[in-house]
Structures are given as structure tokens and as C-alpha cells.
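Protein chains in written order, with our numbering: chain A, 1 to 278; chain B, 1 to 329; chain C, 1 to 306.
No lab work stands behind these hints: they were computed from the structure.
Hints are supplied without guarantee of correctness; some may be wrong.
To be verified - In silico DSS-like pairs for lysine-lysine, Cα to Cα no more than 30 Å straight-line:
| hint | chain 1 | residue 1 | chain 2 | residue 2 |
| --- | --- | --- | --- | --- |
| 1 | B | Lys176 | B | Lys197 |
| 2 | C | Lys70 | A | Lys13 |
| 3 | C | Lys225 | B | Lys128 |
| 4 | B | Lys298 | B | Lys21 |
| 5 | B | Lys128 | B | Lys176 |
| 6 | B | Lys203 | B | Lys176 |
| 7 | C | Lys225 | A | Lys4 |
| 8 | C | Lys304 | B | Lys12 |
| 9 | C | Lys171 | B | Lys132 |
| 10 | B | Lys21 | A | Lys7 |
| 11 | C | Lys297 | B | Lys127 |
| 12 | B | Lys132 | C | Lys225 |
| 13 | A | Lys4 | B | Lys21 |
| 14 | B | Lys148 | C | Lys304 |
| 15 | B | Lys84 | C | Lys126 |
| 16 | B | Lys269 | B | Lys9 |
| 17 | B | Lys320 | B | Lys285 |
| 18 | C | Lys126 | B | Lys148 |
| 19 | C | Lys171 | A | Lys234 |
| 20 | A | Lys7 | C | Lys304 |
From a predicted model like this one, the values you see are computed outputs, not experimental measurements.
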Amino acid sequence: MNVKFLKRFMRRKSSVIGGIIIIIFIFMAIVGPYLCTQNPLKIDVRNKYQNPSREHWLGTDNLGRDTFTRLVYGARITLLVSFVSVFVGTIVGLILGVIAGYFGGNVDTLIMRVTDILLAFPGLLLAIAIVAILGSGIVNTMIAIAFYSIPYITRIVRASVISIRELEYIQACEVIGCSNFEIIFYHIIPNSMSQVIVNTTLRLGTAILTSSSLSFLGLGVQPPNPEWGAMLSKAREAMQSTPIAALAPGIAITLVVISFSMLGDGLRDALDPKLKNV
Amino acid sequence: MKDALLEVKGLKTYFRGEDGKIPAVDGVDFSLTRKETLAIVGESGSGKSVTALSILRLIPATSGSIVAGEIIYNGKDSLKLSEKEMRNIRGNEISMIFQEPMTSLNPVFTVGRQISEVLTIHQGLSKKEATKRAIEMIEMVGIPDPEKCIRNYPHQLSGGMRQRIMIAIALACHPKILIADEPTTALDVTIQSQILKLMSELKEKLDTSIILITHDLAVVAQLADNVMVMYAGKAVEYSDVNSIFKEPLHPYTVGLLSSIPKLDRELEKLTIIRGTVPSPLNLPKGCKFCTRCNDAKKICFKKEPEYVSLENGRKVRCWKYMGADYYES
Amino acid sequence: MAKYIIRRLLHIIPVLFIVSIVVFMMLHFIPGDPVVNILGLGASKAAVEATRTQLGLDKPLYVQYFIFLKNALRGDFGISIRTKTPVIDSIIERYPYTLMLALGGTLLATLVGMVIGIVSAVNQNKFWDNLLMVLSLISVSTPSFFLALVIILVFSLYLGWFPSMGVYTPKHYVLPILALGTQSVGLIARMTRSAMLDVLHQDYIRTSRSKGVSEHVIIYSHALKNALIPVLTIIGLRFGGLLAGSALIESVFSIPGIGRLMIDGVLMRDYPVVQATVLLISTTFVVINLIVDILYKMVDPRIKYQ
């Protein structure tokens with residue numbers, strides 16, 4: 001099964017490229033800071049808004065800090081925020097979806113009502129509202145993004161669970177005497193996983209867009225952390241003189257989000273070609 | 001062929017597969033005269049549906065194409081016509097009805113609109129006139145309360161009624177030829193016989209020739225004048241309907257007929273044709289039926305027999321009928 | 001049909017109620033004493049107590065909620081802590097701008113997106129399809145504020161065709177709507193393409209071809225009418241997303257809309273403003289979704305005539 005999956009995945013060049021780009025960025029996030037020679041926080045106002053040079057590969061920002069180094073450090077923050085928040089959101093969504101789908105009845109209705117409420121708020125709005133309550137900063141941003149990812153995953157998992165639950169081999173399991181726990185863990189969850197994996201990958205891209213939006217507005221990750229969205233916000237004033245200060249983080253965000261999209265598409269086709277319209 | 005409405009010569013339609021070209025139809029000849037009902041019989045994969053679609057050039061370009069042959073209609077080779085000329089023929093002079101009435105009608109248009117559309121396109125009728133004719137057609141196909149029916153949407157009708165609507169659409173312009181691709185396969189048995197009866201009546205009334213694609217020999221017995229049996233993309237036998245039931249020539253036809261369980265006899269086992277239909281990418285050398293044939297001899301595995309005409313207008317593609325010297329060697 | 005509409009209306013009333021409760025509770029979820037949060041840590045005890053009574057925060061929670069709800073339905077959202085003027089005044093002044101942006105963006109996204117989707121579907125896997133789908137992917141993945149900056153750079157700073165700040169003339173709306181709508185163009189294009197491809201492979205399209213209908217009519221009438229149905233739901237969702245997303249655009253283009261009001265409110269802990277704006281946007285979102293839902297059911301005859 002694994003070989004076949006890899007073969008199918010490799011068939012799509014775009015997904016492979018997407019995967020490679022993500023791996024490069026992950027590498028950059030983990031190892032990059034150790035390889036950078038400059039300090040991302042070192043302020044040198046005399047050198048602000050420099051264009052690219054040999055010393056500063058991508059120029060400097062509004063406080064004279066090296067843009068390239070900040071970009072590399074920023075990768076860490078961006079990927080950390082999105083991975084953690086989506087991961088948490090997926091786990092919670094998975095649990096809620098399984099409970100709702102498997103046990104049905106009042107529990108299901110309750111969980112679905114809550115999901116409907118959460119979905120009554122446009123995504124960004126929900127994140128802003130949560131940040132409004134909890135305050136800004138990395139942790140709160142992660143909580144906000146996790147929160148607004150939960151309803152999507154819950155819905156998908158629930159639908160998947162309901163369709164699997166009705167399959168005959170689950171009923172056969174029950175007859176044999178499998179416990180609920182066994183059925184859920186060994187049968188239902190593995191079968192829902194392909195949809196969850198695809199959705200989670202796509203959510204990672206959305207999470208990055210949301211977190212950078214929040215930071216851009218001053219609500220998310222706070223300075224002097226080199227979050228890409230925050231970098232863009234500061235670079236606005238120098239758009240005409242030093243466009244690279246804004247272009248660099250912007251292109252970085254776009255590139256990573258595209259890669260997650262392509263990766264997600266590829267995973268979907270490789271895991272289950274029948275899911276074409278998810 | 002004297003006063004033939006339609007003549008198909010050497011039709012070859014190939015599909016693009018993942019691992020190579022698939023010869024769905026590999027050299028088929030037949031003709032159709034006025035008032036004739038020709039049944040094309042075969043299993044799934046024999047190429048009968050593809051033949052039907054090829055006549056109207058409805059093979060999607062992304063899937064495959066007609067690579068050889070001629071289809072002479074009205075004195076012209078329709079394979080050489082422009083798409084615009086072809087559109088004038090479709091629905092107008094040659095129509096088609098399909099197997100699945102559930103999915104073959106557009107769900108967002110009323111049934112009346114779907115009928116009157118062919119009339120406005122091909123006969124230039126105004127909306128009012130077309131609607132009037134549509135009501136007449138609905139009545140002709142035996143649906144009660146036609147004025148109410150024209151405002152219905154397909155999902156509001158039963159399967160049998162939908163098939164009647166399909167027939168109404170196909171016959172609205174009084175075409176010379178109706179191609180029916182498994183028209184009753186998706187319907188209940190009782191509805192089946194109603195639809196067949198309807199087709200028979202309309203054929204007489206409107207002077208339409210029918211090409212009937214089916215795998216169901218009972219349907220053949222009820223409607224057909226002549227029968228062409230297809231196997232693995234080629235025609236293997238052609239005959240009038242009585243002869244083919246009384247005295248089938250090709251071993252495949254023999255197998256098909258004997259595999260119909262007879263109700264008046266006690267059976268221990270159902271008769272089958274051994275083996276399975278070969279994959280189009282892996283056809284046997286020689287006669288395509290040789291691996292499953294009880295009468296196969298050495299030559300059958302080596303060379304493919306030609307499609308020869310016999311005295312009574314019958315045709316067959318089998319070494320058994322090409323002379324003892326070939327067959328026994 | 002009418003029964004369905006009534007059922008849906010009954011459905012959203014509890015949703016709206018709960019939305020209002022959630023928004024109301026926002027103030028009380030904040031760690032710490034709400035009054036201290038409003039006045040700041042340095043406020044004197046007397047001031048805190050006075051404000052508490054003044055804002056009615058000394059009453060039991062459910063009473064506070066009913067007061068909140070009653071006032072909200074009357075349009076009274078309290079006084080902005082920052083400007084000391086009624087919140088409702090700012091909202092009335094600013095909401096139209098945001099609506100214009102969101103509507104404009106949705107319209108742009110729908111028209112352009114659908115055309116792209118149809119062209120892509122008809123040319124499946126050929127040059128135009130591949131190119132347009134790549135562009136769609138890029139448009140969906142680019143943060144709208146980045147796109148806005150790039151648009152300003154190109155169209156305003158380099159080419160000087162359009163202004164980039166404020167909304168004094170119709171010309172001022174062009175770039176903001178472009179920035180806001182482009183992200184959704186890609187989404188709608190992909191959805192339209194997907195729906196069209198689905199439809200074009202259906203049996204009834206084959207029937208249409210066998211009737212001799214021209215390809216043009218098949219695509220733009222027979223197929224599109226079917227594909228429109230799923231695309232409609234996306235358009236509704238997008239409008240809501242654009243209402244919220246306009247905060248970013250208003251920020252970049254210095255447009256005095258609701259989004260910006262909300263963000264400023266959050267940054268300055270102006271809770272009445274935050275509550276009012278969040279409530280307004282989510283309510284609009286819920287209502288729009290309801291309308292789209294009903295429209296969707298009316299357009300699909302399979303549902304309209306049960």
C-alpha cells in the first residue's frame with residue numbers, strides 16, 4: 001500500500017515540488033538560525049531600508065535589521081504557529097467528530113450546534129474575536145487559529161465516521177464483541193485519516209495566512225519577533241524606496257501557502273483518487 | 001446494398017488507454033434499410049455501444065476517435081462531414097436514446113422544454129408551436145395528461161415515464177433512424193415490455209428504422225428483423241432473426257443462445273461459455289474467440305477468419321464455414 | 001417551499017441568539033476584572049466602582065445580557081471608550097464603506113472567477129486550463145494585504161493610475177476592491193471549474209449532444225445552469241469572508257470602514273466597539289448565508305418541486 005501511494009504521489013509533479021519546498025522551509029526553520037551570521041534583532045537605525053547588498057542579501061528593514069536573517073528566523077515562528085495550532089485543532093476536531101459521529105443522538109446534536117455557532121463567524125473574525133479576548137502574542141494566536149480550525153475538521157470527521165459506521169464490517173465487529181474503543185481506534189479512525197490528512201495539510205496553509213494577517217494588524221505575534229506578516233506591516237512605509245523589504249516576506253508567505261496547497265492536492269489524489277471533489 | 005438508408009463499412013474506433021490503444025470497434029460492416037429493425041447483440045465490451053456512438057460521432061475526443069471506415073448516409077460519408085452538418089443530422093434525421101433514463105435527462109429543464117428544443121433547433125418552430133408539438137409527442141408515447149406533463153421536471157417522473165420522454169425527444173423530428181442503446185436494461189421487466197411495444201408501434205407509425213443495441217436476446221426476439229452479433233470489436237455473425245434462433249452458425253452465438261435457461265426443462269447446471277471476454281489489450285492471435293470455442297481447430301489459433309457472406313444473406317466470421325480444407329488442417 | 005423558508009428562519013434565530021450571547025460574554029471572558037480592563041490598572045478604586053455601576057456591571061450576568069440585547073436591538077451599543085461618542089454613530093458612518101468593498105469584491109470575484117472557471121473546464125488539461133489554474137492557486141495563496149501592497153506599488157506608485165488612500169471618489173474604490181476580490185477569484189474559479197467538469201461528464205450532456213444542440217448552448221445553458229447551483233453557496237460564504245477580510249484592506253488603504261474600527265477597538269481595548277462590530281459582521285454573515293441557502297433551494301428544481 002505504501003509503495004503504491006508513493007508512486008501515485010510522485011505522478012503529480014506539482015505536489016512533489018510543493019513537498020520539496022516545504023521541506024526546504026522546515027529545514028530553514030530548524031537549522032537556518034544556526035547558520036545565519038547576523039542577529040535578527042540587532043538594531044542599526046543608521047542603516048535602515050538598505051537595498052540588497054553583499055552584506056545584507058535582502059536589504060534591511062525599518063530599524064536596520066537584516067531582512068534575510070529575519071526571514072529565516074521568521075520561518076521558525078510561522079511554521080511553529082501553524083503546525084502547533086492546526087495540530088491541536090485537528091486533534092480536538094478529530095475527537096469531537098468521532099464522538100459526534102459514532103455515538104449520535106443528543107451528543108451529536110450538541111456538538112453539531114456548537115460547530116454551527118463557530119462556523120457562524122467568518123474565520124478571520126473568529127480569530128480576531130479570540131485575540132480580542134485573550135490578548136495578542138504567539139500563544140494566543142495559536143489558540144485562536146486552533147479554535148477556528150476545529151469546526152471544519154469536526155464536520156469532516158463526523159461525516160466520515162457516519163459513513164463508515166454504517167458499513168457492514170463494522171456491524172460484523174460489533175457482533176464479534178469488539179468494544180467501542182477498539183472499533184473506533186482500529187477501524188473508524190484509520191479509515192477517516194485520508195480525509196483528515198488532506199484537510200489538515202490545506203489548513204496549514206490557511207493558518208499561515210491567518211496568523212500573518214493577525215500579525216500584520218498588530219494583533220498576533222508581537223515585535224520584535226520577526227513574523228513575516230509583522231515584517232510586511234513595518235515595510236509598508238518604504239514600499240517605494242525599498243520594495244524588497246515587503247516583497248521578501250510576502251513572497252515567502254505565498255510560496256509556503258502554495259506549497260501546502262499543492263502538497264494537499266497531491267496527497268488527496270494519492271491517498272484516495274475517488275476524493276476528487278473534497 | 002439496395003436502397004440502404006445507412007451503410008457502415010470498415011468502421012474502426014480506437015480509444016486511448018493508459019497502456020496503449022484499445023480497439024473498441026475493429027472493422028465492422030453492416031447496413032440498414034427502410035422500416036428495418038437491426039439488433040446489434042453482444043456482451044459488455046464487445047463494442048456495440050461504441051458502434052452506435054460512432055454513427056453519430058459522439059465519441060468524446062479526449063477518450064478516443066474513429067480511425068477508419070465510412071458511414072454512408074444520404075449518399076454522403078458522414079465521417080467526412082463538418083461538425084455543423086453533423087449537428088443537423090443529430091436529433092433530426094438520426095436520433096439516439098440511451099440506457100439510463102434516470103441520468104439522461106437534464107434535471108434543471110422541464111420535460112416539455114427538452115422535447116421542444118429539438119423542434120426549435122431543427123425545424124425552426126416558434127416556442128408556442130414547438131410546445132404544441134411536444135404535447136402531441138407526449139401523448140404519442142402514451143403518457144397521460146400531457147399538458148400537465150410538459151411542466152414537470154425529470155425527477156418528478158418514474159423511470160418508465162422518463163424513457164418514454166426520451167423516446168418522445170428522439171422521435172419529435174420524425175427521424176429516419178433511431179438508435180436505441182439498451183433502452184430497457186435499466187427498467188423493470190413489466191415496463192420493459194411496454195416500452196418495446198411502444199417502440200414497435202412508433203416504428204410503424206413514423207416509418208423509422210431502428211438500430212437496437214442490446215445484450216438481451218429476449219428483446220431481440222421481440223423487436224428485431226435482423227441481428228448482428230459482435231465479439232471483441234468485430235461482427236461475427238449476421239442473420240435474420242428467425243434463422244439466428246433456429247440455427248445459429250457462429251460458436252459464440254450458439255453459446256449465447258444455449259446459455260438462456262429454458263423454463264420447460266429440468267436443468268442441473270446452467271450452460272456457460274467457458275473462459276471470459278479477453279482484455280482488449282491482450283487479444284488472442286487468430287480468431288478472437290478461439291480460447292473459448294468448443295469447436296476451435298489449429299487454424300483458429302493462427303489466423304483470423306474473414307467475414308464471409310453465405311447464400312441466404314447470412315454472414316459469419318468463422319473457419320467452420322470457410323471450407324473443410326482450411327478448417328480441418 | 002414557504003415551509004422551508006420558515007423552517008430556516010426558525011433555525012437561525014437561536015443561532016443569532018447564541019452569537020449575541022457569545023459576543024456579550026466576550027467582555028467577561030477576558031482574564032481579570034472587566035472594569036479594570038477598561039479603565040486600566042492605574043485607576044482608583046472609587047473610579048472603578050463608579051464605572052462599574054455606570055456600566056451596569058454590578059448587576060447579575062443574565063440581567064446584563066438582557067440589557068445588552070435590548071439595547072442592541074434598539075441600536076444602542078453604548079459609548080466608545082476612545083471617542084466618547086455613541087458607537088452606533090461610528091457604525092452608521094462606516095458600515096457603508098465596508099459593504100461597498102465587500103459587495104464590489106464579491107461581484108468581481110464572481111464574474112471573473114466564473115468566466116475563468118468555465119474557460120478552464122472547457123479546455124481541460126490544455127494550455128489555458130493549466131495557466132489559469134496556476135494563477136488561481138497563486139491568487140488563493142497570496143495574503144490579501146501583500147497583494148494590496150503590490151497593487152499599490154504597481155498601479156499607484158509606478159503607474160499612477162489610481163489613488164491609494166481613502167475613499168473620496170469612485171476611483172478610490174478600484175484598487176481596494178481589486179485587492180479584496182482577487183483572492184476570492186481563484187477560489188470561485190476552481191469551484192466553477194470543478195462543478196463544470198462534473199456536469200460536462202454527465203449523461204444528460206451526452207443526450208444534449210445527440211440532439212444536435214450547438215456546443216455553445218450546451219456549455220452556457222445546459223451545463224452552466226447545473227454547475228451554478230454548487231457555486232452559489234460558495235459565493236455566499238465568500239461575501240462573509242470578505243466582510244471580515246476587509247479589515248486588512250481598510251488598513252492598507254486607510255479606508256474608514258467597520259473592519260478598521262473593529263481592529264482599532266481591539267488594539268485599544270475599546271470593548272463596546274469590539275462587541276458592536278463583531279456582532280454586526282457575524283449577524284450579516286448569518287443572514288447572507290440564509291439568503292443564499294434559500295436561493296440555492298429555489299434554483300434547483302429537484303428541491304423546489306419535491
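Taking the hints in turn, this is what the structure says about them:
{"no.": "1", "hint": "B:Lys176 to B:Lys197", "verdict": "19 Å, holds"}
{"no.": "2", "hint": "C:Lys70 to A:Lys13", "verdict": "58 Å, violated"}
{"no.": "3", "hint": "C:Lys225 to B:Lys128", "verdict": "23 Å, holds"}
{"no.": "4", "hint": "B:Lys298 to B:Lys21", "verdict": "28 Å, holds"}
{"no.": "5", "hint": "B:Lys128 to B:Lys176", "verdict": "25 Å, holds"}
{"no.": "6", "hint": "B:Lys203 to B:Lys176", "verdict": "10 Å, holds"}
{"no.": "7", "hint": "C:Lys225 to A:Lys4", "verdict": "39 Å, violated"}
{"no.": "8", "hint": "C:Lys304 to B:Lys12", "verdict": "46 Å, violated"}
{"no.": "9", "hint": "C:Lys171 to B:Lys132", "verdict": "54 Å, violated"}
{"no.": "10", "hint": "B:Lys21 to A:Lys7", "verdict": "23 Å, holds"}
{"no.": "11", "hint": "C:Lys297 to B:Lys127", "verdict": "28 Å, holds"}
{"no.": "12", "hint": "B:Lys132 to C:Lys225", "verdict": "25 Å, holds"}
{"no.": "13", "hint": "A:Lys4 to B:Lys21", "verdict": "24 Å, holds"}
{"no.": "14", "hint": "B:Lys148 to C:Lys304", "verdict": "17 Å, holds"}
{"no.": "15", "hint": "B:Lys84 to C:Lys126", "verdict": "24 Å, holds"}
{"no.": "16", "hint": "B:Lys269 to B:Lys9", "verdict": "41 Å, violated"}
{"no.": "17", "hint": "B:Lys320 to B:Lys285", "verdict": "17 Å, holds"}
{"no.": "18", "hint": "C:Lys126 to B:Lys148", "verdict": "45 Å, violated"}
{"no.": "19", "hint": "C:Lys171 to A:Lys234", "verdict": "27 Å, holds"}
{"no.": "20", "hint": "A:Lys7 to C:Lys304", "verdict": "46 Å, violated"}
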